[in-house]
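Engineer: Residue strings, one per chain:
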Amino acid sequence: MTPDILAKLQAARAAKRPVALVTNLRSGAQKLVFDGESEGPLCIDIDMMAGAIEMLKRDESGTLQTGAGAIFVHSFNPPPRLLIVGAVHIAEPLARMASLAGYGTTLIDPRRAFAASQKFDGYTVTTDWPDEAMAALKPDARTAIVTLTHDPKIDDPALEAALASNAFYVGALGSRKTHAARLERLAAKGFDEAARKRIRGPVGLAIGALSPAEIAISIVAEITQVRRGA
Amino acid sequence: MSDDILEQAANWRANGTGVAIATVVSTWGSSPRPVGSQLAVDAGGKFVGSVSGGCIEGAVIKEALDAIATGRPRLLDFGVTNEQAWEVGLACGGKVQVFVERLD
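Chains as they are written, first to last, in my numbering: chain A, 1 to 230; chain B, 1001 to 1104.
Excised from the complex, chain B in its bound form (with noise of 0.2 angstroms):
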């Protein structure tokens, strides 16, 4: 495995992998990860990268596999849950915006 989380993304690609790219677009508050942080899934849900501290992965990696499958971009906003911060969530009180994408 790459530490390079693009250049994984494309090794798998290049081995005939499903692969989509997810990436931290906008955050607001204190949200664990900066903006271009990115996380790359493959198409057997192997994934490189983070775009969390690991509270929302869970989420995205499923989000990622939809687009794998339809090859249609999303958008997805996490915020604080509260008493849900144990499903989908930041337990920091923080927000993000991911974009996840289709390698083609």
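Okay, chain A solo, but in the shape it has when bound (with noise of 0.2 angstroms):
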């Protein structure tokens, strides 16, 4: 690898731009492709292009055969993100746990005695209401919504905007009952049935948790479990 592709890979990767490295394994040769242009010295085809920024796409690396010996492309794409709803308890071991789980999480609470009460150095934190801050966040097909507040002014508008969304995950925290209501309000507000049947709720897996690191656990663990289609 020479050095002038690696700067230029971690300079995407910093930029939250996805890239694929694409490497002849017979001679090492490489070259970097973006969606719409590319890098570097290894000649590679219109098809084979093609089929790299497809796999960047999918999120998949791998190696294919070609007529110039194997290829293997190699996707960077940005971590997936969390957006967390309501900055409580939960939300420290929650962020923390998603965190390493390759998250980038970020925290929203208007309540700003909230969001400046718990430990969030490290993590994004806004005090944007939750609408205006899920348009400026724009959750894709790559982002998870877990909201925590129980408090339908500040968590409807939030999972209004996750299911007007591509996200991969919209969980809500209440009991069956508080979710009931919540499903209700959301049926008022013109959302189908295969609309709110998106929300997890009660949300997480239910594996008995009780403390907020184990109900963080069980979150992660739900998530986990949708984004790997299991």
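Keep in mind that the hints were calculated from the coordinates and are not lab data.
Calculated cross-link-like contacts (lysine-lysine; reagent style DSSO-like; alpha-carbon spacing at most 30 angstroms):
#1 A/Lys138 x A/Lys8
#2 B/Lys1046 x B/Lys1062
#3 A/Lys197 x A/Lys138
#4 A/Lys57 x A/Lys138
#5 A/Lys119 x A/Lys138
#6 B/Lys1046 x A/Lys16
#7 B/Lys1095 x A/Lys57
#8 A/Lys177 x A/Lys189
#9 A/Lys197 x A/Lys153
#10 A/Lys138 x A/Lys189
#11 A/Lys8 x B/Lys1062
#12 B/Lys1046 x A/Lys8
A few chain A residues facing chain B, derived, Cβ under 8 angstroms:
#13 Met1
#14 Thr2
#15 Pro3
#16 Leu6
#17 Leu9
#18 Gln10
#19 Thr23
#20 Leu25
#21 Gly28
#22 Ser61
#23 Gly62
#24 Thr63
#25 Phe72
#26 His74
No residue lacks a Cβ here, since even glycine has one placed at the ideal position from N, Cα and C.
Make the complex out of the two chains shown on their own, each in a separate frame, by following the hints.
Structural biologist: Here it is, written out as structure tokens:
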């Protein structure tokens, strides 16, 4: 690998720009493939370029057999994101565990006292209202969203934005009763049953979790299960 | 030491140390680390990251040190070795292919 390729790869990763590193496994020659452009000395044809971009979009890495020998496509996508609504007690272990699992975590809580009262150093914290925060954060198919406040004024706008997005996981903390009331409010707002069923509530795998850390484990486990299609 | 394997590789290289990068490029069966997993090795044998659950790291590091010395990239195959599983192979029964390249 040349220092130039490594520097450009690291710059793309730092800028959260998806990039595939394509390597000829015989010669070691490499090329960086972005959506729309490429850089580096390895010669690849247009089909292989398209194949690499397709793998990058699917977040897959793997080896392709070509006339020029085996080619390895290594996809580097920005980390998946977890948006936590509510800087409450459970948010702290949830943010930590999600970070260990590789998620870029953002906490959203318009109640400044909550956002400031916990130890959220190292995480992005926004005190915007959830609808504004969601509009700015633009959740996509690599984003998980969990609401923790139990307060309809804060959770509901976040869930409405979540259901309008492609977020791969939407979870809401709250008892069955709280969740049933929440679903009724969303139905009144025009969210159909298919949309409402996207919300995991009560949130997390049923492992009998009691403490904040245990609840965080159950939520991160459920997010993992959904992401990995298990 | 950086948690980011490529960043650690770049840091070692920037300090004038020889560096090689090993990457899992194919897996079959129950291999312990997915495709794309990486290990960076410096000329002194220090390493970060992993390409298996610890089964083949020793052999990969040996090849990495040779790649640092010669500049020659290489593709290594590791499979289950049954009775020699304590040597170089995967006790889990999987197979992995690891590409080793020098960071120039």
